[in-house]
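Undergrad: Taken in sequence, the protein lines are chains Y and B.
Just add 731 to the spot in the first sequence (first one is 1) and you have the numbering used here.
Just add 66 to the spot in the second sequence (first one is 1) and you have the numbering used here.
No lab work stands behind these hints, which were simulated from the structure alone.
Don't take every hint at face value.
Label pairs and their computed distance ranges (CB to CB) [as the list claims (entries may be wrong)]: (1) Y:D944 with B:A102: 32 to 40 angstroms; (2) Y:L972 with B:G320: 26 to 34 angstroms; (3) Y:G920 with B:K157: 50 to 58 angstroms; (4) B:S292 with Y:E880: 35 to 43 angstroms; (5) B:E141 with Y:L972: 30 to 38 angstroms; (6) Y:K969 with B:E263: 37 to 45 angstroms; (7) Y:E781 with B:F251: 31 to 39 angstroms; (8) B:K396 with Y:L972: 54 to 62 angstroms; (9) B:P198 with Y:L948: 21 to 29 angstroms; (10) Y:D924 with B:E266: 38 to 46 angstroms; (11) B:D71 with Y:A940: 25 to 33 angstroms.
It should be emphasised that the depicted structure is a prediction, and the values quoted were computed from it without experimental measurement.
Don't be surprised by glycine CBs; every beta carbon is placed ideally from N, CA and C.
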Amino acid sequence: MNIVVCIKQVPDTNEVKIDPVTGTLIRDGIPSIMNPDDKAGLEAALRIKEQNGAHIAVVSMGPPQADAVLREALAMGADEGYLITDRAFGGADTWATSSTIASAIEKLPYDLIITGRQAIDGDTAQVGPQIAEHLGLANISYAEDIKVEGDYVIVKRQFEDRYHVLKAKMPCLITALSELNEPRYMTPGGIFDAYREGDVKTFTRPDLAVSDDNIGLKGSPTRVFKSFTKALKAAGTKVQLDPQESADYIVEKLKEKFII
Amino acid sequence: MNLQDYKGVFVFVQQVDGKVTNVSYELIGKAKELAADLGTEVTAVLLGHQVDGLCKPLAEYGADRIIKIDDKLLETYMTEPYAYCMAETIKKYKPEAVLVGATAIGRDVGPRISARVHTGLTADCTGLAVDPESGNLQMTRPAFGGNIMATIICPEHRPQMATVRPGVMKKLPREEGRTCPVEEFVPADLDQHINVEILEVVKTAAAKMDIQDAKILVSGGRGMCSAENFHLLQELADVLGGTVSCSRAAVDAGWAEKDMQVGQTGKTVRPNLYIACGISGAIQHLAGMEDSDVIVAINKDETAPIFEVADYGIVGDALQIVPLLTEALKREIVAKA
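In isolation and in its complexed conformation, chain Y is listed as follows (with noise of 0.2 angstroms):
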């Protein structure tokens, strides 16, 4: 069976800070890495090639840097990495994204596409099943257990209160959460072997099938207003206190506010 696996460089938002004067994002200096979802899902599919055998693609929209999540979802064991890259595709919202993703996947042999079911930078949670809809297939989002059944998935499919156990028939989209599983490492082998010439192949616009009108910025429905920071309410009152002292002061703090 051919897995399509799609995956995305992000920065680690952990690690991101706000700059106190400018109040500005401080980008410098910040680590690139693969979307946690995403790793979760690439994990998902490595596991489905071992116990049934599979051929796997990954797939990432991004600048020129992103060969570098490729390159170790190879390392991890993935078959083969497509880069989708032009500034045409550039400015993108979550519409033009998937259309453009899904037309990239057009162009390969599939029976299960898995994403993450959201990035750390975006947490949109709205590419996977919208590519799932410009391909016409039906998608699975959340998805805590995979299993492969013949030519059916089995999905545990998470909700806040509740899982669904859902079958569905190949072909098909589920979108993972990194609660799925634990992400293996790269192996010295498999980082050595990533970093082979040909490995990666690109998509540029000529490459793709999908139509202006639907890619980049100008295919985008939704525009970026304004950005700006927070504004984090002012700073309440500190006290150092002992103990006791303390769980006094929280009382009579609380009796002032006529809470108890």
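Take the given structure of chain Y and dock chain B to it, following the hints.
TA: Then chain B, alone, in the frame of chain Y:
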């Protein structure tokens, strides 16, 4: 696309097990404000099976009209039949805006609907407003893990769609006896839109208070040091009539359940009182709780960012202070009684 043809603010009503999810009432509350600014009305779109009984509360919480799609196939949520019904509703009724709760259901069905009707969808909004000049919806959301806020518009496509975080908007006071017209809609060939089979439905959370509904939250983080120490928080919460929540660090350490997590990747809360115990206050955490009415923070590290949002900051060890606080509150309550 003629933008003028699109009128009205629609709310996707999420119901599970025949109960309307709270966020749907919150969205109706916000939609009323937007509709007033736009000079239009609020329509609640209700999907499910045998859901007649839900029309009453929807009207009482402010819906001006209900579109009801009632079918056995819609009894339990599935992506495709729900996406199909919503897309058909949009094609038929042409709303200018559609609001969906940013839940595990809304964040799945929302993107499929928007892709199908070819419009934009702004995810996880925390603010919605109407631009008085253009009439466009301004949809504000956190990005980069809550580090920045972005206001998004969708100027040339309709409807303007947004998913909205639960717990952020306020529902209106319930107006007993308020009614509104209910219109039934039956999209054609719904049975052709079943592409996934439900093998099993398993409820996971015990019948405990949802942290988003709690008026008082006692929240623990890395500084609680162990799962056992969460009992200290439970005892404090019991005295206050509150609920225990936690930071991501506590979930990652395996001390607390994921559904108790406050923050960007957890839930947004705004209780009357939030007591943060041993939580340093990563920006992702603050994004989920900083709108709480009163915030008390107890942390050993006096430079912890949690103190920047706390009304009352106590530099000290939560493990020592929390039990003493529980005792002090018990005495206070006895004294009052």
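Undergrad: Take the hints in turn and mark each one as holding or not.
TA: These are the hints, each one checked on the structure:
1. Y:D944 with B:A102: 32 to 40 angstroms: Holds: the Cβ-Cβ distance is about 35 angstroms, inside 32 to 40 angstroms.
2. Y:L972 with B:G320: 26 to 34 angstroms: Once the Cβ atoms are compared, 32 angstroms apart, the range 26 to 34 angstroms for B:G320 and Y:L972 holds.
3. Y:G920 with B:K157: 50 to 58 angstroms: For Y:G920 and B:K157 the Cβ distance comes to about 54 angstroms; the hint holds.
4. B:S292 with Y:E880: 35 to 43 angstroms: With a Cβ separation near 41 angstroms, B:S292 and Y:E880 satisfy 35 to 43 angstroms, so the hint holds.
5. B:E141 with Y:L972: 30 to 38 angstroms: Since the Cβ atoms of B:E141 and Y:L972 sit about 57 angstroms apart, the hinted range of 30 to 38 angstroms is violated.
6. Y:K969 with B:E263: 37 to 45 angstroms: Since Y:K969 and B:E263 have Cβ atoms about 56 angstroms apart, the given range 37 to 45 angstroms is violated.
7. Y:E781 with B:F251: 31 to 39 angstroms: violated (48 angstroms)
8. B:K396 with Y:L972: 54 to 62 angstroms: Check failed, 20 angstroms falls outside 54 to 62 angstroms.
9. B:P198 with Y:L948: 21 to 29 angstroms: Holds: the Cβ-Cβ distance is about 26 angstroms, inside 21 to 29 angstroms.
10. Y:D924 with B:E266: 38 to 46 angstroms: holds (41 angstroms)
11. B:D71 with Y:A940: 25 to 33 angstroms: For Y:A940 against B:D71, whose Cβ atoms are near 31 angstroms apart, the range 25 to 33 angstroms holds.
Hints 5, 6, 7, 8, counting from the list given before, are not met by this structure.
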